[in-house]
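Novice: Build out the structure end to end from the sequences listed, making use of the hints.
Protein chains in written order, with my numbering: chain A, 1 to 347; chain B, 1 to 204.
Calculated from the structure, these hints are not laboratory results. Please note that a few of the clues may not be correct.
[Claimed, not checked] Chain B stretches covered by chain A per the calculated footprint, using a threshold of three residues with CB under 8 Å from any CB of chain A:
no.: 1; segment: 45 to 56
no.: 2; segment: 59 to 73
[To be verified] Every beta carbon over 12 Å from chain B, so not counted as near; a handful from chain A, in silico:
no.: 3; residue: 61
no.: 4; residue: 62
no.: 5; residue: 112
no.: 6; residue: 245
no.: 7; residue: 342
Given the structure is predicted, the values throughout are model-derived calculations rather than measurements. Don't be surprised by glycine CBs; every beta carbon is placed ideally from N, CA and C.
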Amino acid sequence: MTEFFQSALGTGWGWFVANLILILLIALPVMLSVAIVIYFDRKIWAAMALRRGPNVVGPFGILQSFADAAKVFLQETIIPSSANKGLFLLAPIITFTVALLSWAVIPFDQNMVLADINVGLLYILAVSSLGVYGVVIAGWASNSKYPFFSALRASAQMISYEVSIGFIIVTVVLWTGSFNLNAIVEAQRGHGLGFVNWYGFNLLLFPMAVMFLISSLAETARAPFDLTEAESELVAGYQTEYSSMAFALFWLGEYANVLLMCTLNAVLFWGGWLPPVDWAPLYAVPGIFWLILKISAFFFIFSWVKATVPRYRYDQLMRLGWKVFLPISLLWIFLVSGYLMLTRYGV
Amino acid sequence: MIQIFAFYLFASVVIASGAFTILARNPVHSVLWLILAFFNAAGLMVLIGAEFIAMLLVIVYVGAVAVLFLFVVMMLDIDFAELRGGFMKNLPLGLALAAVFLAELVFGIGAYRAGNIALGEHALNPARMGASNIQAVGELLYTRYIFLFESAGVVLLVAMVGAIVLTHRRRAGVRPQNIGSQVRRRPEDATRNTQPAVGQGVQL
Numbered sequence: 001m002t003e004f005f006q007s008a009l010g011t012g013w014g015w016f017v018a019n020l021i022l023i024l025l026i027a028l029p030v031m032l033s034v035a036i037v038i039y040f041d042r043k044i045w046a047a048m049a050l051r052r053g054p055n056v057v058g059p060f061g062i063l064q065s066f067a068d069a070a071k072v073f074l075q076e077t078i079i080p081s082s083a084n085k086g087l088f089l090l091a092p093i094i095t096f097t098v099a100l101l102s103w104a105v106i107p108f109d110q111n112m113v114l115a116d117i118n119v120g121l122l123y124i125l126a127v128s129s130l131g132v133y134g135v136v137i138a139g140w141a142s143n144s145k146y147p148f149f150s151a152l153r154a155s156a157q158m159i160s161y162e163v164s165i166g167f168i169i170v171t172v173v174l175w176t177g178s179f180n181l182n183a184i185v186e187a188q189r190g191h192g193l194g195f196v197n198w199y200g201f202n203l204l205l206f207p208m209a210v211m212f213l214i215s216s217l218a219e220t221a222r223a224p225f226d227l228t229e230a231e232s233e234l235v236a237g238y239q240t241e242y243s244s245m246a247f248a249l250f251w252l253g254e255y256a257n258v259l260l261m262c263t264l265n266a267v268l269f270w271g272g273w274l275p276p277v278d279w280a281p282l283y284a285v286p287g288i289f290w291l292i293l294k295i296s297a298f299f300f301i302f303s304w305v306k307a308t309v310p311r312y313r314y315d316q317l318m319r320l321g322w323k324v325f326l327p328i329s330l331l332w333i334f335l336v337s338g339y340l341m342l343t344r345y346g347v
Numbered sequence: 001m002i003q004i005f006a007f008y009l010f011a012s013v014v015i016a017s018g019a020f021t022i023l024a025r026n027p028v029h030s031v032l033w034l035i036l037a038f039f040n041a042a043g044l045m046v047l048i049g050a051e052f053i054a055m056l057l058v059i060v061y062v063g064a065v066a067v068l069f070l071f072v073v074m075m076l077d078i079d080f081a082e083l084r085g086g087f088m089k090n091l092p093l094g095l096a097l098a099a100v101f102l103a104e105l106v107f108g109i110g111a112y113r114a115g116n117i118a119l120g121e122h123a124l125n126p127a128r129m130g131a132s133n134i135q136a137v138g139e140l141l142y143t144r145y146i147f148l149f150e151s152a153g154v155v156l157l158v159a160m161v162g163a164i165v166l167t168h169r170r171r172a173g174v175r176p177q178n179i180g181s182q183v184r185r186r187p188e189d190a191t192r193n194t195q196p197a198v199g200q201g202v203q204l
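Specialist: Structure below.
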């Protein structure tokens, strides 16, 4: 597509227009799927609690998210009088923007990636570490006690789990020998016994896959680690003072982050856009279909956990991050690199 | 074309946010400007082809160090009037520092103009090796500079142990959570099913 526009508009402008269209082609479906995913989250949650869930707006209530969006859009934006106005409005924008930034390096199919850079995984780590600021700034700028507590909790939690996520990613990178996400997906082709396209099928990497799933729950502050918005303690956490579109931006950003983490789970350990088994007829199905299937499966797990697992205490959360995940993932780096030294590189 | 545009964009934002870091009245705003400066410095590094260092800058400084900064500054209780009152007292020190930096700038630019410092072409230039950034940095760190690298690690470890030793103290009368005993506890240990007859209480 870039070539087409470059031939039509000249090198510079063609590149610009093509990339603008590609960005919209990623961002708009992500936003649309966020709306759908919120509906599914509520449906799954309701089903597990033997309720009906949203069922009024549209067939099966499928338009509920859009109705909610229209509702918040029409609401008045209330800014607390003692809030730090500029930062108060900046925080949801940061959260929302950062949630969309990471999608630039996600491979949706063999050649379907916006920025095929060789530090792709590091880019995702860098961008997701920026996500803390939206929460911290929101909590501080609200000039209110509960949001501030929530912001402190959130930043401590995100930083703690980013450490173990970093180490888990290192094991995958060691096995692949590249930070490029497409290379990581390609390396999983026929990885397990010559026909399963999963890193998770590998006995050495499977514990890391489980830990990554749990860490991604903590990183996105989903249940059972949703201490940042523990409604029994902190009202609604850092979003307490927000209303209207500012609130909606937080909401969208949060779910876009959840989707991103589901995608990362799929890409890093469960083969990304590859079909589950290395069997020729399965490749007839476009890769993006497999990726979406895997993302949906992980999103179902996220909702399932939210519906069934009670919330952790704060000290338990910190203990899990620092005293369990950190040592285990560190040990696994030694195990994986040792195994690779033995088998792949020779001692 | 776009590189030049990006360079001037990043560079001017770095300088402007650096200036705002010291000009902002509110210390939290200062830290946020500093973060913006870090972020744009990372952009400059991407422009010179050091994408690995750029990502590390964002992950380490923006993602971790600056968050801790922000933490501390947010919880400080600062009297702004008092802060501004100290201006005259610290003016001589500030002027002295400014003079030192000016001298350094003059010498630095003079030396650069003279053109005597030949930094030399490194054998491990990533562009020459045909390797990616990460490979080139790894190649250097783990071969030529392995002892410096490891001693830096030891220094950090000592600093960490020191900080823990300084702040860790045992206080009497504290009852911390014992996770092991909490996990070992079974329903049978805590609950009892009884069927008391009508009118009779339960012995607890």
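Novice: Each of the hints needs a verdict: does it hold here or not?
Specialist: Cross-check of the supplied hints:
1. With 4 residues having a beta carbon nearer than 8 Å to a beta carbon of chain A, the segment 45 to 56 of chain B meets the requirement of three or more and the stated coverage holds.
2. Closer than 8 Å: that is the beta-carbon criterion, and the segment 59 to 73 of chain B has 7 residues meeting it against chain A, so the requirement of 3 holds.
3. A cut-off of 12 Å between C-beta atoms confirms that residue 61/A is not in contact with chain B; the least separation is 38 Å.
4. Even its closest Cβ contact with chain B, about 38 Å, leaves residue 62/A beyond 12 Å, as expected for a residue assigned away from the interface.
5. Non-interface call for residue 112/A relative to chain B: holds, since the shortest CB-CB distance, roughly 22 Å, exceeds 12 Å.
6. Annotated as non-interface, residue 245/A keeps its C-beta farther than 12 Å from every C-beta of chain B; the closest such distance is 22 Å.
7. The claim that residue 342/A is not at the interface with chain B holds, since no C-beta of that chain comes within 12 Å of its own (minimum 19 Å).
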